[in-house]
Amino acid sequence: MTHKPSKTFTYTVTARDIKRFAQAIGDNNPLYHDEEFAKRSPFGAIVAPPLFCQSMTFEDVPLAELPEDLSPSELDVDVPAQRTVGGSSHYEFYQFIRPGDEITVSSCIDSVTPKEGKSGPLYLVQVETRFTNQFGERVAKEVATYVKK
Amino acid sequence: MSKNNLNLNIGAIEEIYSGYDLPSQDFPIDSVNIFMFSAVTWNRHRIHYDHEQAVREGHKGIVAQRGLLGNFLCQYLNSIFSGAFIEQVDWKVLKSAGPGDTLTCCGKTLEVVPGEDSDAAIIDLELVNQSGELVTSGQARVRAIKETDRIKPIRKPF
Chain V
374 MTHKPSKTFT
384 YTVTARDIKR
394 FAQAIGDNNP
404 LYHDEEFAKR
414 SPFGAIVAPP
424 LFCQSMTFED
434 VPLAELPEDL
444 SPSELDVDVP
454 AQRTVGGSSH
464 YEFYQFIRPG
474 DEITVSSCID
484 SVTPKEGKSG
494 PLYLVQVETR
504 FTNQFGERVA
514 KEVATYVKK
Chain P
25 MSKNNLNLNI
35 GAIEEIYSGY
45 DLPSQDFPID
55 SVNIFMFSAV
65 TWNRHRIHYD
75 HEQAVREGHK
85 GIVAQRGLLG
95 NFLCQYLNSI
105 FSGAFIEQVD
115 WKVLKSAGPG
125 DTLTCCGKTL
135 EVVPGEDSDA
145 AIIDLELVNQ
155 SGELVTSGQA
165 RVRAIKETDR
175 IKPIRKPF
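Read top to bottom, the protein sequences are chains V and P.
Using the numbering used here, the letters of the first sequence correspond one by one to residues 374 to 522.
Using the numbering used here, the letters of the second sequence correspond one by one to residues 25 to 182.
Bound conformation, chain V alone (with noise of 0.2 Å):
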């Protein structure tokens, strides 16, 4: 079985950032966008949605680098399987992400574990990705498992 390396790239966090994700989370809360209010908050200024992280998760690689059902790129081991299903994560957060934070994002598959499915052999993919800021400082961390059948 065939592992890719562990990847690690790094973001700058904007204001824009932080408030379309919560458009498309569908959160209107005005802590995620509105410096004023948030000012006056007990955050004390803008903070992220808590899993913000997941808008850096998944690497800026053009399409032709993805799988055929174009599922993420971080996902792509190498075992009999055509489909991909997401299917848990474990996420643990040491502090909030702000605007301005240069997010670290370093990712790496933990095991691929073959089992026996309804329908037949499925494969447990399990990914770990770490987050830390601009100071070297832990800001999340995701355990997620995939279900590739």
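These are computed hints drawn from the structure, not numbers from a lab.
Computed from a predicted structure; not experimentally measured.
Incorrect hints may have been included.
[As the list claims (entries may be wrong)] Think about it this way: if two alpha-carbon atoms lie no more than 16 Å apart in a straight line, the pair counts; the simulated EDC-like pairs of lysine to aspartate or glutamate are:
id, chain 1, residue 1, chain 2, residue 2
1, V, K412, P, D173
2, V, K514, P, D114
3, V, K522, P, E81
4, V, K412, P, E171
5, V, K380, V, D483
Since chain V is already given, all that's left is putting chain P on it; use the hints.
Only chain P this time, still in chain V's reference frame:
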């Protein structure tokens, strides 16, 4: 107790207790939600926008992302516990959801854990569809925000 009455300010978490049923909140899903979440996460997986491909893969139609369902859980927690910091959230997708589904989020406090500056609550979470089927189960650990959450070194301008 009605929604948003619980403020998870420092010390206030003692107001809730183990076994406390939190109010529910509905999250209707449509194809626009799913499209926007794919766009903002740069997730180009076909099953989230290509109906025929999703059906070929055994789904009813296009599929809401696991990540979007996780956001419903976090949005639910934040709408109940204002001024909260979610330390951890886990969730598992048990059944696909898609456009036309309305997911009802329910929560229950499993445990209140004493902390140094602030207590934390362990919350059991569920997303149930309009047919009463369990779509997602999860758990979260939530605490009040602390002063140290606010104080950060000066960030570089952008």
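Evaluation of the provided hints:
no., hint, verdict
1, K412/V <-> D173/P, "14 Å, holds"
2, K514/V <-> D114/P, "12 Å, holds"
3, K522/V <-> E81/P, "10 Å, holds"
4, K412/V <-> E171/P, "14 Å, holds"
5, K380/V <-> D483/V, "13 Å, holds"
Hint compliance for this structure: every hint is met.
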